[in-house]
Amino acid sequence: MELKEKLVSSFLAFENKGNIDLDSTVHALRLKAIQNFEKVGFPTKRDEEWKYTSLNPLLKLDFSLFPNAEKSVGFKNIEAYLINDIESYTLIFIDGVFSSFMSETTHEDCDVCVLSSALARPKYKMIIDNYLNTIANKNNSLSELNTAFVKEGAFINIPKNTIVPKPIQIINFSTGSEKEVLLQPRNLIVVGENSHVQIIERHQNLSKNTTLTNSVTEIFVHKRAIVDYYKIQNDTDESSLIDSTFISQKQQSVASVSTFSFGGKITRNNLEFYHEGENITSNLNGISILNDKQHVDNHTLVDHKSPNCESHELYKGIYADKSVGVFNGKVIVRQAAQKTNAFQQNNSILIDDGATINSKPQLEIFADDVKCSHGCTIGQLDESALFYMQSRGIPKKEAKALLLYAFANDVVEKIKIPQLKSLISKLIAKKLNVQLGFEL
Amino acid sequence: MLKINNLHANINGKEILRGINLEIKAGEVHAIMGPNGSGKSTLASVIAGKEDFEVTEGSVVLNGEDLSDFAPEVRAHKGVFLSFQYPIEIPGVTVTNFIKTAINETRKAQGMAELPAKEMLQLIREKADLLEIDRKFLSRSLNEGFSGGEKKRNEIFQMAMLEPQLAILDETDSGLDIDALKVVANGVNKLKSEDNAILLITHYQRLLDYIVPDFVHVLYNGKIVKSGGKELAYELEEKGYDWLK
Chain A
28 MELKEKLVSS FLAFENKGNI DLDSTVHALR LKAIQNFEKV GFPTKRDEEW
78 KYTSLNPLLK LDFSLFPNAE KSVGFKNIEA YLINDIESYT LIFIDGVFSS
128 FMSETTHEDC DVCVLSSALA RPKYKMIIDN YLNTIANKNN SLSELNTAFV
178 KEGAFINIPK NTIVPKPIQI INFSTGSEKE VLLQPRNLIV VGENSHVQII
228 ERHQNLSKNT TLTNSVTEIF VHKRAIVDYY KIQNDTDESS LIDSTFISQK
278 QQSVASVSTF SFGGKITRNN LEFYHEGENI TSNLNGISIL NDKQHVDNHT
328 LVDHKSPNCE SHELYKGIYA DKSVGVFNGK VIVRQAAQKT NAFQQNNSIL
378 IDDGATINSK PQLEIFADDV KCSHGCTIGQ LDESALFYMQ SRGIPKKEAK
428 ALLLYAFAND VVEKIKIPQL KSLISKLIAK KLNVQLGFEL
Chain B
478 MLKINNLHAN INGKEILRGI NLEIKAGEVH AIMGPNGSGK STLASVIAGK
528 EDFEVTEGSV VLNGEDLSDF APEVRAHKGV FLSFQYPIEI PGVTVTNFIK
578 TAINETRKAQ GMAELPAKEM LQLIREKADL LEIDRKFLSR SLNEGFSGGE
628 KKRNEIFQMA MLEPQLAILD ETDSGLDIDA LKVVANGVNK LKSEDNAILL
678 ITHYQRLLDY IVPDFVHVLY NGKIVKSGGK ELAYELEEKG YDWLK
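Chains as they are written, first to last, in this note's numbering: chain A, 28 to 467; chain B, 478 to 722.
For reference, chain A alone in the conformation it holds in the complex:
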C-alpha cells in the first residue's frame, strides 16, 4: 500500500483510539486536515516549491505510523544529545511518546509541558482554540498531514512579562523499534507580551533504522516579546526530516530562528514568518555543512505586511562530495509595509565537483519606500588564502577547515547561548574532520 493510502486509511482508527475525551474543535481540525491531505497528497517535483527535492525514495517505504516506544531507553542513551552543561527545561520524546521521567517540565511561571495534556485539559481549551493550526500553511500538504494526526509535541505557554530563566530543549528520539518509522511531532508555542524565551530543538535517531519525521511548529510572538529558536539537525544518514515552522509576530517583537543542518538523508525546512504589527524584527540564520549524498532544502518566507519592520536573513552552505543544497528565500513586502528593511544573503561553497547548490532568492515587493537587498554567492575555497596559511606551516587540510570555519563564523557568532555556540563549533569541527587546538 502506498504511504498516502496507508495514512488516510489509518486516520479513523487513530481518531477512535483513546482520544474520545478530546475537544471537538481538535477533531474538526484533524478531519479537515486529512481531507486536504487526501486531496493534495505528497508534493512531487512538479510542484514549483519542490522542484529540487524529491520525497519519492521515502514514500515507497513501509512506515510504521504508530511505533511502539522502546522501553529500554535510559538517560545514558540520550545524554550525548542533550546540552548538559546548562540548566534547562527539557522535553524528551521517545518514538513520539513523551518521557516524563527523563524530562524536566514546569507549570510554575509558565507552562513547559506537552501538547497531549494541553489538548485534554479544559484549562488550556482557550489557547488551543485560539492558536492551534491557525498559522500553519494550509497549502502545505505535509503540514496538513501533521495536523490530521496532531496529538503530541511540546506545548509552551509563556504568560506576559515573563523571562523564562533557562533555555528549553525539545528532543525527539527515535529508537528504531521498527524498521521504518514515521514520527509527526507538533509543537505549539505562545509567548506573551514582553516575555523572553530560548528554545533548542533536535531530532535524533538512536538506531540504524529509517526514520521520517514530519514536524510542525507554530510560534506566536506577542508584543515586544523575544524568541530565540535554534534547530540542530545532525541526524543519521537513515533519517529524514520535514520541518515546517510558522511564526506570527506582533508589534516590536523579535524572533530569531537559526538552523544548523549537518546531517540526515533528506532535510526540508519550511520556515515562514508573518508580521502582524509594526517595528517587528525577524532574523533567519542557517548553516548547512553536507557531505556524501546528504540533501538539505531551506525554504523560507518572510511576509512583511506592516510598516517599519525588518528582516535579516543569512544562510551559509558548505557542500562536499555529492551533497545537494537548496535555498529558496521568499520575501514579500506588501503595499502597506512601507519603510521595510529586508536583507537576504545566501553564500555557498562547493568543495567538490559533484556537489550542487540551487539558490533562488525571490523578492516580491509591492511597496515603494523600502530597503530590500539580496545577495547570493557560490564559490570555491580561496586558493591564495590556503597558500597563506600553508606558508605559516598549517597543513592544507587544517587550512581548508579554518577557512570554512571562518566562512561559517558570522552565523555561529549570532548564537546567544554560549554552551550551544561551543557545541555547534564542535559539531562543525567534527563535520570538517579536523582537530583544532581552540574553539571559535
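Any given hint might turn out to be false.
Here are some of the chain A residues that sit facing chain B, going by a computed Cβ distance under 10 Å [what the hints assert, rightly or not]:
1. Phe125
2. Ser126
3. Leu377
4. Asp380
5. Met416
6. Gln417
7. Ser418
8. Ile421
9. Ala426
10. Tyr432
11. Ala433
12. Asp437
13. Val439
14. Lys441
15. Ile442
16. Lys443
Treat the hints as calculated values from the structure; they're not laboratory data. As the structure is a computational prediction, the values presented were derived from the model and not from experiment. Just so it is clear, CB atoms sit at the ideal spot from N, CA and C, and this is done for glycine as well.
Following the hints, put chain B in place on chain A, whose structure we already have.
For chain B alone, kept in the frame of chain A given last:
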C-alpha cells in the same frame, strides 16, 4: 643555507623566472630590487612553494635539501617564512588562535609536543611587545579590517613567533608610514642572528636604510642582472633601472 640554481618558473605557460642563481648564507641579509613585473614576488612565491607556479628547470635547495617536491607547509616546517605583500583576511580566526595553530602544527611536524598554553601566552606577549602590538589586537580576527601597517606588523609578529631560518619579506615596506616602518625594521633587526637569513624584496631603497643588506641584487626580466653591496641600492635610487637594461 639557501641555494637557488638556474631557476626557471612559469605561470599559465608564461615564463616569469628565466634562470635565477642566488646563494644566501646564514647570518646574511640579501635584498632583491627591480622594476614592476621583473619577477620579484614570483621568486618569493616559488621559494615558499606556491602551486600556481610551475618550476620548469633548476632547483631551490635549503640546507642541502631540494625543496621542489615539498608542499608550502612542509617548507614552512623546514624553516621558510614568507611575509606577504597582501596578507589574507580570515574572519572568525583570531590572531592568537591562528599563530597558536601555526606554531603547534610546525612543532607537530618537527616531532615536538604542543607548546603548553602558558608558555605560548608568554611567547605571544613577548613578541607582541617587540613589535609594539597592542594586546587587544591579538584577539581580533586575522587581518580583518586591519590597516596596511597593522597587516605588515602582524606579518612580522608571526615571523617573530615562528623564528624561521629563512625569512622572505615581500614588499614589507609598502603601506607603512615612517614610524611603522621603523618599528617593523627594528623588529626584524632584533630577530636577525648568525643562524638565520633574510631575503628582502623591495621596490625602494627606503627600507634598506633601516634593514641594512649585505648584498643587493637587481632582478630584471626574470634574471639577476647585477649584484653588489648596499651601495648598489643608492645607485638604483638615483639612476633608476634603465641603465641596467
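Cross-check of the supplied hints:
1. Phe125: For Phe125 of chain A, the interface hint is violated, since the closest Cβ of chain B sits about 39 Å away, which is over 10 Å.
2. Ser126: violated (38 Å)
3. Leu377: violated (20 Å)
4. Asp380: Interface hint status for Asp380 of chain A: violated (18 Å vs cutoff 10 Å).
5. Met416: For Met416 of chain A, the interface hint holds, since the closest Cβ of chain B sits about 8 Å away, which is under 10 Å.
6. Gln417: Gln417 of chain A check passes; min Cβ-Cβ to chain B is 4 Å, inside 10 Å.
7. Ser418: With a minimum Cβ separation of about 5 Å from chain B (threshold 10 Å), the hint on Ser418 of chain A holds.
8. Ile421: holds (5 Å)
9. Ala426: holds (8 Å)
10. Tyr432: Holds, because the Cβ-Cβ distance from Tyr432 of chain A to chain B comes to roughly 6 Å (cut-off 10 Å).
11. Ala433: For Ala433 of chain A, the interface hint holds, since the closest Cβ of chain B sits about 4 Å away, which is under 10 Å.
12. Asp437: With a closest approach of 7 Å, the Asp437 of chain A hint holds.
13. Val439: holds (8 Å)
14. Lys441: Interface hint status for Lys441 of chain A: violated (12 Å vs cutoff 10 Å).
15. Ile442: violated (13 Å)
16. Lys443: At 17 Å from the nearest chain B Cβ, Lys443 of chain A fails the 10 Å test, so the hint is violated.
The structure fails hints 1, 2, 3, 4, 14, 15 and 16 (numbered hints given earlier, in ascending order).
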